[in-house]
Each structure stands twice: as structure tokens, then as C-alpha cells.
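K.L.:
With chain F held as given, fit chain X onto it using these hints.
Protein chains: 2
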Amino acid sequence: MKNIKIKSVLISVFNKEGLDELCRFFFQNQIDIFSTGGTERYIKSLNIPVKSVESVTGYPSILGGRVKTLHPKIFGSLLSRNNSEEDQDDIKKYELPKIDMVVVDLYPFSETVKFSNEDNEIIEKIDIGGVSLIRAGAKNFSDIIVVSQKEQYSLVLDYLKENNFSSQLDFRQKLAFEAFNLISQYDKDIDEYFGLKCGVYTNLRYGENPHQNALFKGNLDQIFKKLNGKDLSYNNLLDVDSAIKLISEFHDPTFAIIKHNNACGIASAKDSLSSYLLAFQADPLSAFGGVLISNTKIDYKTSIEIDKLFFEILIAPEFDQKALEVLKSKKNRILLLQKKINIQNSSYRNILNGVIQQNYDNIENISKNWKLVTNTNASGTQIEDLEFANKIVKHSKSNAIVLVKNKQMISSGIGQTSRIDALKFAIEKAKQFKFDVKGASMASDAFFPFPDCVEIASSVGISTIVQPGGSVKDELSIKACNDQKISMFFTGLRHFYH
Amino acid sequence: MKNIKIKSVLISVFNKEGLDELCRFFFQNQIDIFSTGGTERYIKSLNIPVKSVESVTGYPSILGGRVKTLHPKIFGSLLSRNNSEEDQDDIKKYELPKIDMVVVDLYPFSETVKFSNEDNEIIEKIDIGGVSLIRAGAKNFSDIIVVSQKEQYSLVLDYLKENNFSSQLDFRQKLAFEAFNLISQYDKDIDEYFGLKCGVYTNLRYGENPHQNALFKGNLDQIFKKLNGKDLSYNNLLDVDSAIKLISEFHDPTFAIIKHNNACGIASAKDSLSSYLLAFQADPLSAFGGVLISNTKIDYKTSIEIDKLFFEILIAPEFDQKALEVLKSKKNRILLLQKKINIQNSSYRNILNGVIQQNYDNIENISKNWKLVTNTNASGTQIEDLEFANKIVKHSKSNAIVLVKNKQMISSGIGQTSRIDALKFAIEKAKQFKFDVKGASMASDAFFPFPDCVEIASSVGISTIVQPGGSVKDELSIKACNDQKISMFFTGLRHFYH
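Read top to bottom, the protein sequences are chains F and X.
For what it's worth, this note's numbering labels the leading residue of the first sequence as 1, then goes sequentially.
For what it's worth, this note's numbering labels the leading residue of the second sequence as 499, then goes sequentially.
Everything labelled a hint here was simulated from the structure, so no lab data went into it.
One should not assume that every hint holds.
To be verified - From the structure, some residues in chain X lie toward chain F, with a derived Cβ separation under 7 Å: (1) V565; (2) H569; (3) F573; (4) A634; (5) K637; (6) K672; (7) A674; (8) T915.
Unchecked claim - One-sided and incomplete, this derived list gives chain F residues near chain X with beta-carbon spacing under 8 Å: (9) V131; (10) H211; (11) Q212; (12) N213; (13) N262; (14) C264; (15) Q416.
We treat Cβ as the ideally placed atom computed from N, Cα and C, and that holds for glycine.
Looking at chain F on its own, in the form it has when it is part of the complex (with noise of 0.2 Å):
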């Protein structure tokens, strides 16, 4: 550990609020201010003692100040090494003073934002010199001490009085991440607020509800051509999103229907209209209002059907015109162009005080890494059906059981909080629109602790089932499909998703 007894401290804040007892103590304990403009006005005010910023870089504030400490000798002093001949060098060659804290306190970006309307005073409030200078010390923690906002001073006066004016590495180091945090939201805030200017990023109506205020920070027109209809929604974009995700794992004509960002129906077959109504007949109720995705060009037969549906978005590769021509009748109804889209191969998203962030889910899942666990084999029309229905269920949310036959799904169990019921759900639901669950395939997001699952399945005759496996139970499981002549196959794949 590295400790820095520091002497000289250069302050350049917006808010004075603090400035007064940090200022006193650093008089009181010898340690020389440099500071500029209206910082180093209000120290004076204090009857503090403070060196100008120009008499040491010898250069003048320009511009109104704004450039004030953009200088050599200022970033010479807070980028210069202790531990490094060549840097100590140059101090004493260039007359570099010698910093050993920076205290700064930004231009108030976003508040601005929020009260101002006038384009040029939010620019103003964009801080230049002050980010770099933070920046700088935050790089050199190894040697500076770096305060980036006023509710440090405390913290750091504390810690400085019980540390006799030294301070250690770690802490340095704290600071320092402390400012880059601050740094990267402070430009987080300045870019949303030009991606809203440029008209990329989109105010949206609403958020998930009508009295949530929200924001899509992404350009859709890089994704879409937007043909028809009225603007997305949040809950729109929620739903594109799944849509998007799911089908991309899909390579023969598919055709899926998305609800509260869950497949309510999806199906592959050899044509655009029969996997429209092979995804339609799995949940007709739920397809109301619908996001509507196809992988394939949309003909005019497959528009007179959808035509008949009420639904939010449809998303195509590709449409006929004839079809374009039926499907525009509604003008609410958006018709979306899909063009490449390279998902995001990391997603994140803010919980507690934090984000949570992770590697997509984009692992090479298919049957020939399988482990089938089984005496019973699967034909390979049941593993095409396994493979289709393991596509789906890593896309809905956990805990979800897919049941399958002939690549069409005919129901799920989604988003609940026991695989049991999951199974049980789907099973009633397959039921509902009749299906026959005899002779289906399953999958399961998540392993069998117990083999209550397969009991379940084979008591309605489900006949082949996939699974990731890893259970300390799994013998259990794998009895119970013996017992039932069950194929079972193990995927080493968990798909949780939530």
C-alpha cells in the first residue's frame, strides 16, 4: 500500500454548497488550494488563501471560462507518475505544480434538463473542463485523490483527519471508481438527451402502464421498416423483442403469436398460411391483440386469414403487395419490414441498487449433443418435435413446460412457480382448444428434482420428453419414463428465463 500525505489540493466546483468546512480544514492543516473563476471568488470570500489556477499555468481563463484549466501544467500535475523518473523529470523541467487532490463538482447536467427548455443553456451546463479533470485524477488514483461530488466531503474529511492527511491505495482506488460511475451517468444523461434531439432515441406514450413516463433508447429504423400503423408502444417493444429473439431459432417457415412476451402459439410447417394457423389454433383466445412474427414472406393467402384476427404488430421479412393492400385496411395496425437485426449479446437490467448483467443465452442447444437417458428411443420425427419444443421453452418465462406435436406447439405452461404446475397448466390448456396430448413432446426449462414431472406426462401419455438434467433425483426420473416405455433425453442446458 502506497500512502500519499497530500499538500496541494486544486478545487473547481459549480455548487459551493460544503466548499466552506472542506476549504477551512484544508487551511487549517496546510494544504495549499489552487482553484479558478468563481470557486477560487468564493474561497477568497472565505478569507482563504488560494493560488489562481493562471498563475501557475500562466495562461488566462478564455472564452467566457470556458476553458479555465484545460491546461499542460494542470494535466501535467494530475497525470505525472510519483514512480517515475522520466514524469518527475518533466515536473521539475516544466515547472509542473504539484497536485495531489482534485476536488470538483460537475456543471449540473440533467437538472437543467429538467427545468430548461432553452437548448443553449443545457449545452452550457455540459462540463467540459471539470470531467476531464476528474478523469484525469480518477486514472492516476496510484497518486491523486480524486473527490467528484459534494457528498464525498464528508467521508473524505473523515477519513483524512483519522489518516493524518495520508490516504492509502484502496481508498484512492474507491474514488476513483467513485468518479468514473459518476462520470459514465452524468454522459449517459447528456447522450439520451441528444439521442431525443436527433430524433433516434423515442419518448414513448407511456411505459408499461399509463402513468409510467418512458423512454426507448435504441434506433428502431435499424431494425424495421415501418409499413403501416400507429406508433410502438412499451408494452409493443417488450413483445417485438421476444417475437424477434424466438424466431430467430427457427430456420423452416415459422409462424409464432406473442402475449405478454410468452409464445401463445407458434408453429413450423411448409408455408406461411399453415404455420399461421397451426400457431393461431394453439391459443385462439390469447392471440387477440397479439405480436404477430413470421419468418417468412407474408402472401395474399396468408393475409385474407390474419386479416380475420384483431392483432397489435405483424413483423415479416418480407410481404406481398397484394397482401400489404389487405392487411393495411386497419391503419392502426403495424406492419413491420424486418431487416437484419444482430441481437444484443449481453442483456442487462437495474434491480436493487444495481444492474444485473449477463451473457445472452445464445449457447448451441440442439438433439445430436443430447444424452438420451432411456431404454425407449425417440423417433426422429419426436426429436425434431423436442428440439422445436426446446426452442420455445428456453423463450418462455420459467418456470415453463412446451408440449409439441409435429412442430406445432399445442400448449404451455408459463411463468409459474412450480414445473408441476407449468405441466398441469398445460396440459388443461392443450385440453381447452382440443388437442389430443397423447403421443406429445416435451420440454422442460429447468431438471426434475423429483419424478412427479414424468408421473404426470405419462399419466396423459406424453411420450418423449427433454430435459437438462443434473438432478441429484435423475435416476427417479429416468425410472419412471423405463417404467412408461418414456423416451428421455438430457440436454446439459438449463434454460431458465424470468
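P.N.:
Chain X alone, transformed into the frame defined by chain F:
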């Protein structure tokens, strides 16, 4: 629109790719090039004339190149406003060069983090000068073209060719947007590096699934004191987030059990033990492996009961000492003492090619603001149950229906693609765990577009309903309630949650 014809450009790039074509273009079109360090040498090697930054500033590159462009003459030029007389006076007075365009390619920080374990090497790749140049140019987009990444070269060249070396304000604003977008991401990567170094951020063992890498960028120590157990997993953190958001709605002694981000049991009662037992009763199967949360002290008697259950996490504001001893008997069990937490006031996640964000759904939704829309009124107890149910439905994945009796959730239907399924499955689950639905109070996250939910509810004896209202066919549901002497309230507030 203010058109600016460019006459000079400042170039400072790490990666020299594409620089050749760019510089030839500038040279052929009589655009002066300023540069420094490696970029300057590279341009010279192309036999293209270039003016050194040092010749402009009269100040050398110092600290082995750590400080090259950070000089008031450069930043004065970048930040000076063409439409400001004072600025133009300063340009003459201080002999600032005229720079119309800045081209930067930053030090590759995140790429270096990926391949290097050397902190010095990584830290050295934190770009200070380049970021300052980009931010200054972007702030002054009204006069400056800022090229912040080499991916923009060809687009900018084409634009300048087409526009006779002029540019319009909207083009420069778009580049400023892309600049801040890049910088905020750049500093987010640095924040992540420092956050992990400081031990504030945590690399998780894996993500939602074992084949996904994951990271939590938050400070759990600010929210919890961990009293026992292993590290929290990704899925634990999601459940903990759901748990504390849900419990924050309740003031009476309340206990909740969370699985897959939804409550599978929750009850308010006179004390911790009663509320736990009632919460557990709603779905003992799902409770297995769940995340438990209480808003009251866990006393000894409660701990004895809880100890019988296999669970992952128990969160409470206080633990009796003897209760702790009981609960610590299993070393993997996570026991969290909850401190005060400020729930973030906005929520965001990445979807498609961007980020979607909204205000957190924290509007006050209490019965005194509700509207009774039926002839039949509800009793005081029923209204309390409706309020209780409505708080739960707000935190349950959509579509959701919650059934409550005496401040005990007797079941819920969650995460469904239709309201009807949500209601039917809620009724199903209540029966499975031997609850009498007759006389229950019901909350729905969304309004009823048809009277079907009221009809199903009345068929099983549900006696009172709360829902947002606002459907064009509200009257049908109201009539169905009146026919069956069910009371119904409209909140005016939808609570979709995905």
C-alpha cells in the same frame, strides 16, 4: 440551418486503420491537418503535410505522451462559438487556431481488459486527452464536426463530398449524439473495471443458467448484512429484488415467499409466525427452494417453523438471537438482515438494439381513490382484502389475477397470455390447496374487455373484485356483477408488469 465549410481538422487516433484514405481526402481538398504524436508521424509517413499541435500551442508533449492536446489553445478553438463576438475576440487575442473538425479514435480500454491482466497496462489505456477532445467538440457541435470512431469515416467522407465540404447542424448534432453515446459506454466499461477491482461489483458464479457469465453492478452491503450462507446467485438476486419491492407495500406484519420473481404465498397477520404459516399454506410445493421475506422480526417460534422448510434465502429487518441459532443450522442458507433501501425510481433493461426505461410503478393506489361501480358495496374487510390483493397483483407477472381471503393470498394466476387463463389457474390452484374460493376477493392487473372474467368469478362464488376499469365494454362486466350481487371497484390504474 447553419452550414459550416470545413478548412481544418485535428486528428488524434489510436488505431490508424482508414486514416490513409481520410488524410488523402483532406489533403486533396486543401483541408489543413493538425496532429500530434503517433498520428502525426503516421500522416507524415504518407507524405501528407501535417501541422503539429506543439507548433500551435508552443508547448511540448510531456509525460511520455500522457499530455499532448490538453492545451487551452486547442480547447479554446474547439469550444469557441462562431456566433459569439467575445469568443471571436479571444480567438484573435490569444491566436487560437481555427479547427472545424476533430477526428479521434480512443485508446482501446475494454479490449485491453479482455486480454490483459496487467493493471498498469489497463489503466494506461484510459484515454484522457481523446475523451476530452471528443466531448469538447461534441458540446460545440453547433460549430464543430466530431468524428469519434473510425466506423464513421466513410459516412462522413461521403457526406462531405456530397455537400461540398459543408455540413448542416443536424448532421453535426447526430455526430455529437454518437460521440456522447460512445463516451458514456467507454466510461461505463471503466466503471465496471474499477467496480470489480474495489470489490463493490461482484462477478456472479453464473447467470440465469450455468452457461451464462454474469455480473452484479451494485453494492449489496448497502442493503443487507449477510448473517449466514453462500453467495447470492443471479436468480437469487432477481428474487430478492422482487421480494423487497413486494414487501415494501405492506405495513402490518407480513410474510412473503417468492419463486421465479412472483409471490407463491403472502399473508399479513398479527405476528411473524401467523403470517409465515398463512403464506406457506397458499402453495407449500412452490415454497420449496424459495426466497422468504418478512417485514417483522423473526422470533424463535417462527424460526422453528421456517427451519422445517428447504429454502434458499430469508430476508428480515431483525432476527431474534435464538432464532438465528436455529436458522444457521444449515450453512448454505442465506440469511439477510435488511437495512433501509431506496428503491430506484426508474427501471430499465436492454432490448432490441437499445435500452427501454420507465418510471418505476410506485403510484399510490389505495381504496379511498377507487370507484365503486356496482349496486352492491363491499364490507370493510372485503375492501382491505381487495387492497391487499391489488398490491400483490401489481408485483406479479402479467397477466395476473390474485385471490385473497382475510389478508391471506389463497392463490394467484400469473404470467399468463390471457386474463382468463390467469383466473382459471388461480381457481384451480386454490382448490388444489384446499381453499374455498367462495367469498374470496379478487384483483386483476388489467381491465376486463369482456364480461368473461366476472362470469367465471361469479360461478365459483368470488364476492368482490378490483380492476383498473377503462374498457369500452366496462358496462358488460358491471352488469354481470350486478346480476350476481358482486361488488366491483375501478382503480383507474393498470398494473402490467413483465
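K.L.:
Each hint needs a verdict: does it hold in this structure or not?
P.N.:
Verification of the hints:
no.: 1; hint: V565; verdict: 5 Å, holds
no.: 2; hint: H569; verdict: 6 Å, holds
no.: 3; hint: F573; verdict: 4 Å, holds
no.: 4; hint: A634; verdict: 5 Å, holds
no.: 5; hint: K637; verdict: 4 Å, holds
no.: 6; hint: K672; verdict: 5 Å, holds
no.: 7; hint: A674; verdict: 6 Å, holds
no.: 8; hint: T915; verdict: 4 Å, holds
no.: 9; hint: V131; verdict: 6 Å, holds
no.: 10; hint: H211; verdict: 5 Å, holds
no.: 11; hint: Q212; verdict: 5 Å, holds
no.: 12; hint: N213; verdict: 5 Å, holds
no.: 13; hint: N262; verdict: 6 Å, holds
no.: 14; hint: C264; verdict: 4 Å, holds
no.: 15; hint: Q416; verdict: 7 Å, holds
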